[in-house]
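Just so you know, the protein sequences line up as chains A and B, in that order.
Numbering-wise, the numbering used here puts 151 at position 151 of the first sequence, and it's gapless, one number per residue.
Numbering-wise, the numbering used here puts 531 at position 113 of the second sequence, and it's gapless, one number per residue.
Calculated from the structure, these hints are not laboratory results.
Quick caveat: nothing in here was measured; it's all calculated off a predicted structure.
Check the hints yourself; a few may be wrong.
[Claimed, not checked] Selected chain A positions facing chain B (Cβ under 8 Å, derived; list incomplete): (1) HIS26; (2) ARG191; (3) GLY199.
[Stated by the list, open to error] Chain B residues, not near chain A, derived (Cβ > 12 Å throughout): (4) ASP423; (5) HIS473; (6) LEU491; (7) ARG521; (8) GLY552; (9) VAL557.
Glycine included, C-beta positions come from ideal geometry on N, C-alpha and C.
Listed below, chain by chain, are the residues.
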Amino acid sequence: MIDKPTYEELEHRVKELEKADCEKKHSKELLNASEEEYKSTLNNLLIGVVVHAYDTSILFANPEATNILGLTDEQMSGKKAIDPSWNFVHEDATILTIEEYPVSIVFSTKKPLYDYIIGVIRPDREFVTWVIVNAIPIFSTDSDLAKIIVNFVDITDLKQSEEKLARLNVDLKAKNEELEQVVFVASHDLRSPLVNIDGYSRELEYSINELRNTLSANSFVNILNELAPILEDDIPEALRFIRTSTAKMDTLIAGLLRLSRSGRAALNIESLDMNQIISKVIDSTEFKTKKIGAEIISDVLPPCQGDAIQLDQIFSNLLDNALKCLDSKRPGMIRISGEVVDGQSVYCVEDNGIGIDVNHMDKIFEIFHQLDPANNKGEGLGLTIVKRILSRLEGSIRVESTIDLGSRFYITMPNGKK
Amino acid sequence: MMHKDVIILVAEDDEGHANLIKKNLKRAGIVNEVLLFMDGQEIMNFLCKKGDGPHLESGKSYILLLDIRMPKLDGIQVLEQIKTDPSLKKLPVIMITTTDDPREIANCHEMGCSNYITKPIDYENFVTAIRQLGLFLSVVQIPIMNGD
């Protein structure tokens, strides 16, 4: 016989039941709230989300999905027809077949699909709406395909900027070629008249000498004396200025041509042993270095990614400058060092020369600029060319200098090791 | 020794340059007849016996000093026409121009020019270059142009 529960026991049980009921109510509320939150999150995402069932039929699409695709829920679920002019396209503008739809690809491969770029041709838009799509298969516990979650972001703006950039790049390339052509032709055409200016100035000199000889041979000494200031001073002085200027003009034009060619040279980018390149450059300056009693030393240098010919040119120009700017008051010392800083190879060409005044620092990279034209035979192009080469090689240059102590030129180049 | 009957053809649009070339060839002892043409069309008319003006005569020998930048037909076009024409092909052509662009030099040699001279702007060098051209001309053998 079963004992009847006591009143206390019954009361306890009722309380337990009430408590369970209350908890159930509460968890239902929690569930509702969580579903609400989940829905509101999905509905407010700026990512299109479409959930397909295992048979690819659509279970759910968030508002952004319908918004991006320009389709209604009914059209998405197939309850209403889609305008035949509505299409998915590839980047090459060909129309996607049903098999190429993201959901179809995941359905057949059973693998996730990442970064698939497709365009949406919508009858209500003049332009293509571009999206980047990711599609993920979800498997049930017995590893059957349960769902496919397709999500996509509108990248139309990005795509349009990309196209604009590509167009601008083509324009820029054409402009650049045009400019180089102009420099080339101008250089040629500008040189032609110089041949005559220099040639006929010299011919004039010959004629004057002949005139002088004729006058003296025929004992027109009086006339010769009277003409002396003209024949000996004025005309030769005029001719000297004409010829010096012609030579200067020739140098400038040759420089322009050289600059134009340096920007045209094909680059062969590879990993470079800078020790080898620098020792070659040092060898080629040996004659000059010995002549002025200077010394060039090089530390062990890290490699870089670049073009061997262009790097040879860079360091030849820098060493050439360093040798030119040594101070006659002390033995010339030039040192090349290098280290890897933040994944970049940084080389330093350091000299103990005359240094550069801080006020002249900006000018040294300017085309045809020479700090000391009277004492230099150059064309004022060395550093301009160095800077130009470096910009083509994704490198850079900067300078530190103290007057009367020397200068340090830092060259930064891609190291190539990630 | 270049025969004194060889006629030197100079295609040069700059009268000053042509004159300086002539003057210095003479100083180098080249006394051959020099014919001057002011553009590419004029020299082609001479070679192809077209238009007014003088025409090439078969049985005579010629050498052409050819500038590149010229009006109407440029020197490259003239060189191309000469070297692709079976009856003109053997005419020696010396490019003599202000540009020293390596691409231009390579291009002219590929097309079959005999030599390429850059006109130096410095007159001393110019004189030397033409004098050497004169010396060169005085030792080369020049073919006779055939009739057609």
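Hints versus structure:
1. Given the 8 Å rule on beta carbons, the hint for HIS26 of chain A is violated: about 85 Å separates it from the nearest Cβ of chain B.
2. Evaluation of the ARG191 of chain A hint against chain B yields a held restraint, the C-beta minimum of about 4 Å falling below 8 Å.
3. The beta carbon of GLY199 of chain A comes within 5 Å of a beta carbon in chain B, closer than 8 Å, and the hint placing it at the interface holds.
4. The claim that ASP423 of chain B is not at the interface with chain A holds, since no C-beta of that chain comes within 12 Å of its own (minimum 29 Å).
5. Every C-beta of chain A lies more than 12 Å from that of HIS473 of chain B, the closest at about 29 Å, which supports listing it as non-interface.
6. No beta-carbon of chain A comes within 12 Å of the beta-carbon of LEU491 of chain B; the shortest separation is about 17 Å.
7. Under the 12 Å C-beta cut-off, the non-interface status given to ARG521 of chain B relative to chain A is violated; the minimum distance is some 9 Å.
8. Even its closest Cβ contact with chain A, about 16 Å, leaves GLY552 of chain B beyond 12 Å, as expected for a residue assigned away from the interface.
9. Remark: the non-interface label on VAL557 of chain B is consistent with the geometry, its nearest Cβ contact in chain A lying 26 Å away (cut-off 12 Å).
Of the numbered hints stated above, those contradicted by the structure are hints 1, 7, listed in ascending order.
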